[in-house]
Structures are given as structure tokens and as C-alpha cells.
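Asks: Sequence:
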Amino acid sequence: MKKYSIYLFVLFAFVSAGCNKYLDQAPDERTTLNNPSKVSELLVTAYPRANHVLLAESMSDIPAFVSATGIDFPVNQDGFFWKDVEATDQDSPTYYWNACYTAIGAANQALVAIAKASDPQAYSSQKGEALVARAYSHFMLVTLFSKCYDPITAETDLGVPYVTEPETIVFKKYDRKTVAYVYQQIEKDILEGIPLIVDNYKVPAYHFTRKAAYAFACRYYLFKKDAAKVIEYANLTFPSNNFAENVRPWKSYSSFNSTQIEAAYTNASSPGNLLLAETVSRLARNYKRPVYSVSQNRLNGIIAPVGTPLNSYKIFSNSSTFYYVLKFVEHFVRTNINATTGTGYVMVPLLTTEEVLLNRAEAYITQEKYPEALADMNTLISTRVTTYTPATQNLTETKIKTFYAGSTTDTKQAFFNALLDLKKAEFVHEGMRWLDILRHKLPVVHANADGAEVTLKAEDNRKLWQVPAEVTLSGVEQNPR
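Note that the sequence shown covers residues -17 to -1, 1 to 464 in mature numbering (1 follows the signal peptide of the UniProt record, and there is no 0).
Derived by calculation from the structure, the hints in this document are not laboratory data.
Be aware that a few hints might be false.
Have a look at the derived ranges for each label pair, beta carbon to beta carbon [what the hints assert, rightly or not]:
| # | residue 1 | residue 2 | range |
| --- | --- | --- | --- |
| 1 | Lys99 | Gln350 | 29 to 35 Å |
| 2 | Asn224 | Pro178 | 20 to 26 Å |
| 3 | Thr375 | Thr324 | 50 to 56 Å |
| 4 | Thr385 | Arg317 | 43 to 49 Å |
| 5 | Asn283 | Glu228 | 27 to 33 Å |
| 6 | Ile298 | Asp443 | 30 to 36 Å |
| 7 | Thr304 | Asn444 | 32 to 38 Å |
| 8 | Lys99 | Ser300 | 55 to 61 Å |
| 9 | Gly290 | Ala251 | 34 to 40 Å |
| 10 | Asn218 | Ala374 | 48 to 54 Å |
| 11 | Asn283 | Thr375 | 14 to 20 Å |
| 12 | Asn321 | Arg268 | 21 to 27 Å |
Idealized CB from N, CA, C, for every residue including glycine.
Just need the whole structure built from these sequences, with the hints factored in.
Replies: What follows is the structure in C-alpha cells.
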């Protein structure tokens, strides 16, 4: 393997208002991490302050051309046609890459401070959070910038640099190694970190609690294709199997206005939000009406998986043309009190109860435990139908096989289709569908404004986000096209 250099943002170049208290300290105080409290403050920045949602959603099979009157921005336009995004600002691959490595840098700085401490045992929980946070950012990078884990090819597929020590110079030599290597390092950090975590956070939803760490492990093993581990960690996340009480209560939103729904969806007190992150993003203003988005008919079809309308979702429209499920709100911070410019921040769910539940259902399908998979899928459906009647809305094996009879006669594939369509409905606008497309190697068909179709094949290399320009200019091998 060749050695390459990658550019990582300077560790303390943070943008979040949530870090103001930390940044307002004198430099010598800020960089002297000599007690657990200071390390905990540093770990606030160990989560990516960017998100992948707009691009992932644009590349998936959810959007279609709606109207040229919509918002036209590069991430949506380039993403829809699977072109390399040249933009480098917020919501771009470059921005996300840099944000992830900045977060990794913070985690590594914390781990160094802990290792140097005279009483490292006093920092046990901080070490656990740092390790799992480091694993999370690397996982998202390898998922989006490398080929999806395949045990047959993982030993040769290019990974991403797994960085385990702080940057001391702007440019440093790294080895991309392989997807298999990156997964090994992720798993090592997860398994070492989880037992150390102690849930004593002031606002748990913004940190890797034990529950959030289990949820991340559940996702990791789903991608690693280890169904037994997926089920194990899903059960650890909710040992009482009380998923129905811990998903977002969409039914209770029925009387809410738009402002109340936006506040509720990404609220830290919502049991469905296991891990939230504050991100610099235009997501909240752009997801509602991009040129390539969803019409009324298309959205109605998406939120009726297996012919079952999930009518508790609150649908809104812009000019009766662009339709969306209301989810995100922007917090705009002005440059100064009299300024008309500033930065938009969006709280984004990184891990949710709903994902854990449906990950377990997918693992059950993999093991051909169809009654258990049905129970999990129907648990979610019961919370997403306003007037729920099990005999009417519940999925059954017969209903699933009949619904997908035109595309497959294989029972397992029919169940996978049903599960993925249910996830597509639940996570519309959140980019989750793209992760499912990667994992299941699904093709994507898009139609442009004149109706002409273009196809992204199952194994198309354009599914890999291209590494940032500053990395390639430094000599790093580009992803194949």
C-alpha cells in the first residue's frame, strides 16, 4: 500500500456555539487537559459538525424531478445525476470528510490526555466516549467514501485512513489500507469503549451513552453482515423490548403546528433520539423543495409501504408542488447582532430507536426468522397509523409475498423488500435510504426533466463519494470511476 497525505482541519477550529464556553478559556487552560471535566468539554467536539443527509438523499431512489422552480443547488443537482460534487462548502463530501476528521482529532487528543494522566482510571468514562466517537466517524467515512463491506472483497477494497493519534503537522502521511482493516479498527474501538461508558451526561442525547453506543454497534454489525450480533446489540439497547414506547410519538404530533413539530422531531428529550449532533448545514432550508425531490403522489407512495398508509406522519407542501414530512429546523446564528449574514445549524439524529428496531428486523430476516421480523415491523407500524387496527394494518407473510409477487417469488427477498420499504418511509429526507442502497447493492433509476431515465448500476463506482480535492492534490489515490 502506498502512503498518502490527508488534510485534517486544525483541532480547535470549531464552529459550534455549543463550544463557546470551551473556546472562551485562555489557550493554556484550554489545551491543558488535566482533569476529567476538561476532557469531557473537549469531547463535545468529538462528533462531526456536518452531515451527509442532502447528498445521500439526492443520490437515492427517493427523489425525482419535480419542478424547475425549486431550489437548485450543487449537492442536489450533482447528487441526483451521481456526479462528483465540486462544491466544498457545507453539505458537500469535502465538508463532511473534514468534519469527521476534526471530530476524530478531538477524540484522539482526549485519549492522549487520558494516557498521560497520573490517574487514568478517573477518566474511564471519557475514554469510552472518545473510543466510540472515533469509531463512529471512521465508520461513516468508510461507508460513504469506500465500497460497502463485502467479506469477499473487503481485504482489497480501499478503505480510509484510520487515525489514532492527534495531528501535529498540517500534512501527514497516511495509509488508506483496506475496508477490512478499517472495520477491524472500528470494532476494536467499539468493544473497548462501550464497557467504559458511564451515563452521567447533563444532556445524554448529545453524547455516546451506553444505549447510543449499543445502537451504533447494532448498525456496525448490520453492515458487517453479522445478524446474531445485530440482534444482540439491539436487545442490549432495549433489554425490556419496549421499543413501542421509545420511538418518536408521531401520533401525539397530530395537533401540533409546524413549529411544534420541528421542535419535537430533533428534541433531545424525545426517546427516539438516541444520539443527536449539531451540524453546520443548509438541510432545513433545502430539503423541503429542491428541484429533485418528491411530489405529492410520490411521497404518498413512499409512506405507504406494502400498501399500508402510515398516516401519522405530518405532510406539508410548498406551493402545492413540493411535498415533505416535516422534520428539520434551522437555528440561524448571525455574525453579529446587526448582521444579515450568519451560519445555519441543524440538529440531526445520528442514531434512533426506530433504526435499532428495524435493524433487528432485518437481522431476523437474514436468519429466516420471519415471525420475529414481522413482530418488529408491526411494532413500528402500530405507532405510525392514527387509528391502528392490527387485523387491517399488520403485515403478514401472505400480505408481503402477495404485494411483491410481481418482482420476486423468493420469501426472504420479499421480506427484505418490505423491510427496506418500511425504512424508506420512516427515514424519508434523512439519507438512510442511501445507506440501505449501498448495503444491499441496489440499482437506482432517475428520470430527468424530459423523462429520460439514467441508471446507477448495483456495482457502479459512482456510489463511492470522491475523496476531497485537497487530498487528491496531495497524491492520494482517487476512488475509481
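Asks: Please list, smallest to largest, the hint numbers that this structure does not respect.
Replies: 1, 4 and 10
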